[in-house]
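Enquirer: The primary structure of each chain is shown beneath.
2 protein chains.
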Amino acid sequence: MTDSPLHPFDAAIELESKTPLGERGDGAATELSTGRTTPAYNNMVGPFGGVTAATLLGSVLRHPDRLGDPVSLTVNFAGPVAEGAFEIATRPVRTNRATQHWSVELSQDGAVATTATAVFGTRRPTWSSTEITMPEVPPAEAIAPLDFPDFIAWAQKYEMRFAQGAIPGIDAGEHSDSTTTLWVRDRPARALDYSSLTALCDVFYPRVFLRRGKAVPAGTVSMTTYFHTDAQALTAQADNAVLGTARAQRFGNGYFDQSAEVWGSNGELLATTHQLVYFKD
Amino acid sequence: MTDSPLHPFDAAIELESKTPLGERGDGAATELSTGRTTPAYNNMVGPFGGVTAATLLGSVLRHPDRLGDPVSLTVNFAGPVAEGAFEIATRPVRTNRATQHWSVELSQDGAVATTATAVFGTRRPTWSSTEITMPEVPPAEAIAPLDFPDFIAWAQKYEMRFAQGAIPGIDAGEHSDSTTTLWVRDRPARALDYSSLTALCDVFYPRVFLRRGKAVPAGTVSMTTYFHTDAQALTAQADNAVLGTARAQRFGNGYFDQSAEVWGSNGELLATTHQLVYFKD
Chain C
1 MTDSPLHPFD AAIELESKTP LGERGDGAAT ELSTGRTTPA YNNMVGPFGG
51 VTAATLLGSV LRHPDRLGDP VSLTVNFAGP VAEGAFEIAT RPVRTNRATQ
101 HWSVELSQDG AVATTATAVF GTRRPTWSST EITMPEVPPA EAIAPLDFPD
151 FIAWAQKYEM RFAQGAIPGI DAGEHSDSTT TLWVRDRPAR ALDYSSLTAL
201 CDVFYPRVFL RRGKAVPAGT VSMTTYFHTD AQALTAQADN AVLGTARAQR
251 FGNGYFDQSA EVWGSNGELL ATTHQLVYFK D
Chain X
1 MTDSPLHPFD AAIELESKTP LGERGDGAAT ELSTGRTTPA YNNMVGPFGG
51 VTAATLLGSV LRHPDRLGDP VSLTVNFAGP VAEGAFEIAT RPVRTNRATQ
101 HWSVELSQDG AVATTATAVF GTRRPTWSST EITMPEVPPA EAIAPLDFPD
151 FIAWAQKYEM RFAQGAIPGI DAGEHSDSTT TLWVRDRPAR ALDYSSLTAL
201 CDVFYPRVFL RRGKAVPAGT VSMTTYFHTD AQALTAQADN AVLGTARAQR
251 FGNGYFDQSA EVWGSNGELL ATTHQLVYFK D
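In order, the protein sequences belong to chains C and X.
Position 95 of the first sequence, counting from 1, maps to 95 under my numbering, and the rest follow consecutively.
Position 45 of the second sequence, counting from 1, maps to 45 under my numbering, and the rest follow consecutively.
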């Protein structure tokens, strides 16, 4: 038996505990941990936001007081994360019988760079219905993966097969529809879990690029993910590609919003996710 | 000249400053304020979530260090808000040149009941496009306002004219589509601002009622609003009804998600808003 080496994604989101800050009045303990950015998941400036989001979620997943699984996550990208070490403070704000609310802050040199709130909960079977339908696209194997430019390191860590709305080329020109639909999975392949699903929710390049037919300065300001999957569905998904589809609703005054869905390879809706994105144009 | 009496909505979200908690290491001051729930906006248990959300946003709007206008707001309903007094702690987490990040907590007797994060920013003209279209419905005046049962106090404070998906009657039965579209404004009429727009984003009754054709226990767990409007568009809207349209994407394991849009009477998209809702069925 040999130890399998750590997947680069797991290395990127790894955290180390510091001494707990102490007990709060209500008995809930803020946990302090440290991590560091990894070059493999760098964006143009600083780390890929999806990995930052997964790291913040991961700080809750590893917290000794954690109850149940992720239900909702909002991450606010308050300022740039510099390459190197960071500290995360993870606080259980309120624990109910079936839900738990969390507040998380990532800081560097005492300045907050990213905040998050998360709702965790225990799931139980209820009436169920998926009202939206999965886009009809060719199977993943029928679409060639797209090679991204080398200087976008994080994109090398995902196998992306675009069915619709691939990154516009040099002479693309304007496009009337901001929809992108792609099969995507970690590269190398890795079994899906809540952490990697969180990062995948941020895998869509800025919708304004597609509409304008060119790259412009843009960055996510706030991102919310609703998790519809449970542990069983994640296990069934294994390391197969998920289908992500994203579109914008309104662009203007320096911001646009994006709504997206992530579907399992078997047609199950795993997550719905929304962003507000800053842009300059 | 006579003083006009305070609109019940303004009375409901009114806050009073306590002494500021003091300066943080980064120079940003947490502001403490107090408020109280008002019977006029009560829900079945505790206050209408939309008014709680507006109250938290309002604590930022009135903060002396506030920069610009609301861009994004996430409110987590961590536990019930009891009728009576509450305290709000409002902290500027990070201030950049054009954006500012906030963290807000509402508590009662030392227990956190609601948390929020908000992004504020200064808006500047950019390329703009609204990619989705306003639902085609009859004008507000052509639809009679619906009377809600008296025991839902907050619903009396809104004039709601349903174009599609009104609250199901006793014998409604199941419905295949969770969409509700309605003209809505404050009752009595009140000029729209960021606070009332925030509350209006929570005006949709739970989508599961419509699908199931009956009321079941349900409550919003987390709610995110992206503001697309600016002060000028709010002024143009004045006290006319806005058009809200909401639908769910997936129901299952005790939760469903809702996505909604709020359109101005002139066809401008004012806000997009999303919720995760707990239900029992």
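One or more of the hints may lead you astray.
All copies of an identical chain are treated as equivalent in the list; a pair is satisfied when it fits inside any one copy or across any two copies.
Straight line, CA to CA, 20 angstroms or less: simulated SDA-like cross-link-like pairs of lysine to any residue [to be verified]:
1) LYS280 to ARG123
2) LYS18 to ARG124
3) LYS280 to MET44
4) LYS280 to ASN240
5) LYS18 to VAL137
6) LYS214 to GLU131
7) LYS214 to SER107
8) LYS18 to ALA85
9) LYS214 to PRO135
10) LYS280 to TRP127
11) LYS280 to LEU61
12) LYS280 to PRO8
13) LYS280 to ASN43
14) LYS214 to THR126
15) LYS280 to ARG62
It is worth saying that the hints were derived from the structure and are not from the lab.
Enquirer: My question is about LYS280 and MET44: at a cut-off of 20 angstroms on alpha-carbon distance, are they close within one copy, between copies, both, or neither?
Expert: within (16 angstroms within a copy, 45 angstroms between copies)
Enquirer: Under a CA distance limit of 20 angstroms, which applies to LYS214 and SER107: within one copy, between copies, both, or neither?
Expert: neither (33 angstroms within a copy, 47 angstroms between copies)
Enquirer: Measure nothing new, just compare the shortest in-copy and cross-copy C-alpha distances for LYS280 and ASN43 to 20 angstroms and report within, between, both or neither.
Expert: within (18 angstroms within a copy, 42 angstroms between copies)
Enquirer: From the Cα coordinates, with 20 angstroms as the cut-off, is the pair LYS18 and VAL137 best called within, between, both, or neither?
Expert: neither (47 angstroms within a copy, 57 angstroms between copies)
Enquirer: State whether the alpha carbon distance between LYS18 and ALA85 is at most 20 angstroms within one copy, between copies, both, or neither.
Expert: For LYS18 and ALA85, only the intra-copy Cα distance (13 angstroms) is at most 20 angstroms; the inter-copy one is 37 angstroms.
Enquirer: Could you figure out if LYS280 and ASN240 sit no more than 20 angstroms apart (CA to CA) within one copy, between two copies, both or neither?
Expert: neither (36 angstroms within a copy, 32 angstroms between copies)
Enquirer: With identical chains treated as interchangeable, where does the CA-CA distance between LYS214 and THR126 reach 20 angstroms or less: within a copy, between copies, both, or neither?
Expert: between (45 angstroms within a copy, 15 angstroms between copies)
Enquirer: Which holds for LYS214 with PRO135 at a C-alpha limit of 20 angstroms: within a copy, between copies, both or neither?
Expert: For LYS214 and PRO135, neither the intra-copy (25 angstroms) nor the inter-copy (31 angstroms) Cα distance is at most 20 angstroms.
Enquirer: Pop the pair LYS280 and ARG62 into one bin, within, between, both or neither, using alpha-carbon distances up to 20 angstroms.
Expert: So LYS280 and ARG62 fail the 20 angstroms test inside a copy (38 angstroms) and across (29 angstroms) alike.
Enquirer: What label fits LYS280 with ARG123 when the C-alpha limit is 20 angstroms: within, between, both, or neither?
Expert: between (41 angstroms within a copy, 11 angstroms between copies)
Enquirer: Please work out whether the CA atoms of LYS214 and GLU131 approach to 20 angstroms or closer within one copy, between two copies, in both situations, or in neither?
Expert: between (34 angstroms within a copy, 18 angstroms between copies)
Enquirer: Reference check for the pair LYS280 and TRP127, CA-CA at most 20 angstroms: within, between, both, or neither?
Expert: Cα proximity of LYS280 and TRP127: across copies only (8 angstroms, versus 44 angstroms in one copy).
In terms of the numbered hints stated before, the structure departs from hints 2, 4, 5, 7, 9, 11, 12, 15, listed from lowest to highest.
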